[in-house]
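Colleague: I would like the entire structure built from these sequences, with the hints used as guidance.
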Amino acid sequence: MKRRNSLWLTAVVWAVYLFLHLPILVLVAFSFNQSKYSVTWTGFTLDWYRQLAERTDILRGLRASLIVGGASTVIAAVFGTMLALALARRRFPGRRALDGLLYLPIMTPEIIAGISLLSLFVTLKIPLGLTTIAIAHVAFNIGFVAIVVRARLEGMDRSLEEASLMLGADELTTFRRVTVPQLWPGILAGALLAFTMSFDDYVITSLVSGTGSSTLPVVVYSMVRRNVEPTVNAISTLILVATSLLIWAADRLSRERPPAGERSGDRRLSHPAPMARVK
Amino acid sequence: MSLVRRRFLRWLGRRPALASATLVAPGTLWLAFFFVVPMSIMLGMSLMPRGVYGGVEPGFTLEHYRRFFEPLYLQVLLRTAFWAALATALCLLLGYPVAWAMAQSRRRGLLLFLVVLPFWTSFLVRTFAMIFLLRDTGLINGALLGLGIVDRPIALLYTPFAVLLGLVYGFLPFMILPIYASLEKLDPSLLEAAEMLGARPRDRFFQVILPLSMPGVVAGSLLVFIPALGSFVTSDLLGGAKQAMIGNLVQNQFTIARNWPFGSAASFILMFLVLVVVLVARRRGEESWR
Chain A
0 MKRRNSLWLT
10 AVVWAVYLFL
20 HLPILVLVAF
30 SFNQSKYSVT
40 WTGFTLDWYR
50 QLAERTDILR
60 GLRASLIVGG
70 ASTVIAAVFG
80 TMLALALARR
90 RFPGRRALDG
100 LLYLPIMTPE
110 IIAGISLLSL
120 FVTLKIPLGL
130 TTIAIAHVAF
140 NIGFVAIVVR
150 ARLEGMDRSL
160 EEASLMLGAD
170 ELTTFRRVTV
180 PQLWPGILAG
190 ALLAFTMSFD
200 DYVITSLVSG
210 TGSSTLPVVV
220 YSMVRRNVEP
230 TVNAISTLIL
240 VATSLLIWAA
250 DRLSRERPPA
260 GERSGDRRLS
270 HPAPMARVK
Chain B
0 MSLVRRRFLR
10 WLGRRPALAS
20 ATLVAPGTLW
30 LAFFFVVPMS
40 IMLGMSLMPR
50 GVYGGVEPGF
60 TLEHYRRFFE
70 PLYLQVLLRT
80 AFWAALATAL
90 CLLLGYPVAW
100 AMAQSRRRGL
110 LLFLVVLPFW
120 TSFLVRTFAM
130 IFLLRDTGLI
140 NGALLGLGIV
150 DRPIALLYTP
160 FAVLLGLVYG
170 FLPFMILPIY
180 ASLEKLDPSL
190 LEAAEMLGAR
200 PRDRFFQVIL
210 PLSMPGVVAG
220 SLLVFIPALG
230 SFVTSDLLGG
240 AKQAMIGNLV
250 QNQFTIARNW
260 PFGSAASFIL
270 MFLVLVVVLV
280 ARRRGEESWR
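As they're listed, the protein sequences go chains A and B.
Under numbering that gives the first Met the number 0, read the first sequence as residues 0 to 278, first letter to last.
Under numbering that gives the first Met the number 0, read the second sequence as residues 0 to 289, first letter to last.
Rather than coming from a laboratory, the hints here were simulated on the basis of the structure.
Backbone N, C-alpha and C define an ideal beta-carbon position, used for all residues, glycine too.
Careful: at least some of the hints might be erroneous.
Which chain A residues stay away from chain B? Per the calculated CB distances, all over 12 angstroms, these [claimed, not checked]:
#1 G42
#2 L45
#3 L51
#4 R54
#5 I66
#6 G69
#7 G154
#8 A162
Here are the simulated distance ranges between beta carbons [unchecked claim]:
#9 R224(A) x A16(B): 51 to 61 angstroms
#10 E62(B) x E53(A): 45 to 55 angstroms
#11 D156(A) x K241(B): 53 to 63 angstroms
#12 P187(B) x E170(A): 39 to 49 angstroms
#13 S5(A) x E69(B): 42 to 52 angstroms
#14 A14(A) x E62(B): 43 to 53 angstroms
#15 E62(B) x K124(A): 25 to 35 angstroms
Modeller: In structure tokens form, the structure reads like this:
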């Protein structure tokens, strides 16, 4: 087919890409600006980054985020993978209902999910803190992991597993030696995405975090609301770099071919998990 | 792997029903206890009279649902729905050409990555970037003042415009990606056939390309409209108190007004809206597949 992208199409595309990326680039650039108040460029500095290191609230927030992110990711990855295995490979009563249950938390507006969890914790008189945050993050990440891993399972070539079984390996050995290695990139990608979402979540976290257990986004949010200082640009830049690296890694992993077999369909992040719900 | 564990797993392997249950149970129980139960508590609260200190008292009432339809709150609902719809329409208008260009391009890997990146980067940081541009001492006003176009900063932040801009900026990738996914699958020979049979570019678009990419359009619109309906951060940071959406109303009822039953009722009205939209879109989506 002839490529005849007209001028206006090119213009729209450029405009959209600028719109998507320019605000972020500006933000990053001004984290290196000397002036505290003005938006004119007064010179390069790393002062704002140095100030970050002295702010205990930010450091504590970072620590909380890493703990919550790590714990919730591991739990969500394990339980989510188990659900994916059951849904993709087994028949059992209530399978369709479970399928729906996985999508429901993803569809639910965050503010509602957060507030309903807060109601639960208050009703049961569970003290709010890092544990309640982690519980909440697992609840909204299980579905994500399950969907990502399940997509990989369904795109996987089963002939390797069949070969293994025919060559005399039992089911368990086949699972450990054949299924899991093929599935591994999918699990890791799901886990990385779960960690990213946990690391980035503000709405649910702010509702179920008690005083003194704020994660990094909660700290940054209150900084943004109070007033906007260049340190916010600096911490935003660091968050941006961190999440970009995680996403890049997840993208690489989910693009990776399974050890053998024909790749069916495009499993890249261009079809991220939430989209599966409308297909 | 220890012998005991191996034996146990073998034993499990001979009992498929039990093995399925073992795989399903932890995740399902977690979701049941930390999603279904909380939602049920909230549903219960929305039907009970309000207690003195923000809690509830035993009893049954539909008062909170009725109250939501008073003009004050109804206005918030309508504003939310209107903005979400407008943001979806704008995303579609901006996103479709980009998805098309991506599907045609030879460097689609790079173009795709440049859309995926903002899709996953911190929503909070992106919203903050908008503040940095829009506030009175922000970059846009700085530029306008510096160029002498205005002599006082114009109000950009805390306006409906800012919320709409934030929604489009935040959710545009959600629109582009599914449309791209369906355009990528489009068979070029169909377009050649249409061209050879004398279809003008316009007809090719409206009669071949658009109908075939309908699943992507429906999916993308859903992925923008639903989070936009439930958005909280965007309207909170960019809109301020006057531009409250339902999400802000709910949060306010739970944290400041301390009227939990009413907040719960508002949540369920929002939830109901989301479910209706999903079901309708699913049905339409299925139709367009045929």
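Colleague: Hint by hint, note whether the structure agrees.
Modeller: How the hints compare with the structure:
1. G42: holds (17 angstroms)
2. L45: holds (19 angstroms)
3. L51: Holds, since 14 angstroms exceeds 12 angstroms.
4. R54: Consistent with the label, R54(A) stays out of reach of chain B, its closest Cβ about 17 angstroms off (over 12 angstroms).
5. I66: holds (19 angstroms)
6. G69: holds (17 angstroms)
7. G154: holds (15 angstroms)
8. A162: holds (19 angstroms)
9. R224(A) x A16(B): 51 to 61 angstroms: Since R224(A) and A16(B) have Cβ atoms about 53 angstroms apart, the given range 51 to 61 angstroms holds.
10. E62(B) x E53(A): 45 to 55 angstroms: Holds, since E62(B) and E53(A) (Cβ atoms, about 52 angstroms apart) stay within the stated range.
11. D156(A) x K241(B): 53 to 63 angstroms: Check passed, 57 angstroms falls within 53 to 63 angstroms.
12. P187(B) x E170(A): 39 to 49 angstroms: holds (45 angstroms)
13. S5(A) x E69(B): 42 to 52 angstroms: With Cβ atoms ~51 angstroms apart, the hint holds.
14. A14(A) x E62(B): 43 to 53 angstroms: holds (50 angstroms)
15. E62(B) x K124(A): 25 to 35 angstroms: holds (27 angstroms)
Taken one by one, the earlier hints all hold for this structure without exception.
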